[in-house]
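Participant: Counting from 38, one number per residue, gives the positions in the sequence shown under this note's numbering.
A hint or two may mislead.
Claimed, not checked - No farther apart than 20 Å at their CA atoms in a straight line, the calculated lysine to aspartate or glutamate pairs in the DMTMM-like style are these:
#, residue 1, residue 2
1, 104, 77
2, 104, 91
3, 103, 91
4, 108, 129
5, 103, 93
6, 103, 119
7, 104, 115
8, 108, 126
9, 108, 97
10, 103, 84
11, 104, 84
12, 108, 77
13, 104, 93
14, 103, 115
What the hints assert, rightly or not - Have a look at the derived ranges for each label pair, beta carbon to beta carbon:
#, residue 1, residue 2, range
15, 92, 54, 51 to 61 Å
16, 135, 65, 20 to 30 Å
17, 64, 135, 12 to 22 Å
18, 111, 131, 29 to 39 Å
19, 61, 90, 42 to 52 Å
20, 64, 115, 12 to 22 Å
21, 76, 101, 29 to 39 Å
22, 96, 73, 30 to 40 Å
23, 77, 135, 51 to 61 Å
24, 139, 108, 38 to 48 Å
25, 98, 119, 46 to 56 Å
Keep in mind that the hints were calculated from the coordinates and are not lab data.
Note that beta-carbon positions come from the ideal geometry of N, C-alpha and C, so glycine has one too.
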Amino acid sequence: MSRINETLRRRVVGPITNLLLLNVETTAAILLRQGTALTEAITQGVDQARQLAETDGFQDAVRSQKKYLQKVAEQLTDAGRDNIQTIRDSGERARDVVRAAFSAQSEEQPAEDIAAAA
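Please model the complete structure; the sequences and the hints are all you need to start from.
Facilitator: Below, the structure is given as structure tokens:
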């Protein structure tokens, strides 16, 4: 019976645990990146409001706002690109975990394991 339990653990629980850990790692990386981006956006927004309050004319305000919005758009694009890459990398790693689990199963004979344990 213990051999059956070991076989099940190796074939099922191990890969599931690896996938769960990969999911946690991926989620944490994205949330950390998003938290940092939000903090930066708030800080930059406050700085921009101060700068707009100090501008002398309408043209200066428009130029300042345009520059600010371009920077925000660039940061959002970069953050999105980084998040997509993180998800792609995690998908590849998850695929490898699943492939390894199935290839290990095909190499072993589960009926022989059960018969040997009995």
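Participant: Now tell me, hint by hint, if it's right for this structure.
Facilitator: Evaluated hints:
no., hint, result
1, 104 / 77, "16 Å, holds"
2, 104 / 91, "16 Å, holds"
3, 103 / 91, "16 Å, holds"
4, 108 / 129, "32 Å, violated"
5, 103 / 93, "16 Å, holds"
6, 103 / 119, "24 Å, violated"
7, 104 / 115, "17 Å, holds"
8, 108 / 126, "27 Å, violated"
9, 108 / 97, "17 Å, holds"
10, 103 / 84, "14 Å, holds"
11, 104 / 84, "13 Å, holds"
12, 108 / 77, "11 Å, holds"
13, 104 / 93, "16 Å, holds"
14, 103 / 115, "18 Å, holds"
15, 92 / 54: 51 to 61 Å, "57 Å, holds"
16, 135 / 65: 20 to 30 Å, "21 Å, holds"
17, 64 / 135: 12 to 22 Å, "19 Å, holds"
18, 111 / 131: 29 to 39 Å, "30 Å, holds"
19, 61 / 90: 42 to 52 Å, "43 Å, holds"
20, 64 / 115: 12 to 22 Å, "20 Å, holds"
21, 76 / 101: 29 to 39 Å, "22 Å, violated"
22, 96 / 73: 30 to 40 Å, "33 Å, holds"
23, 77 / 135: 51 to 61 Å, "36 Å, violated"
24, 139 / 108: 38 to 48 Å, "47 Å, holds"
25, 98 / 119: 46 to 56 Å, "32 Å, violated"
Comparing the model with each earlier hint shows violations of hints 4, 6, 8, 21, 23, 25; every other hint is respected.
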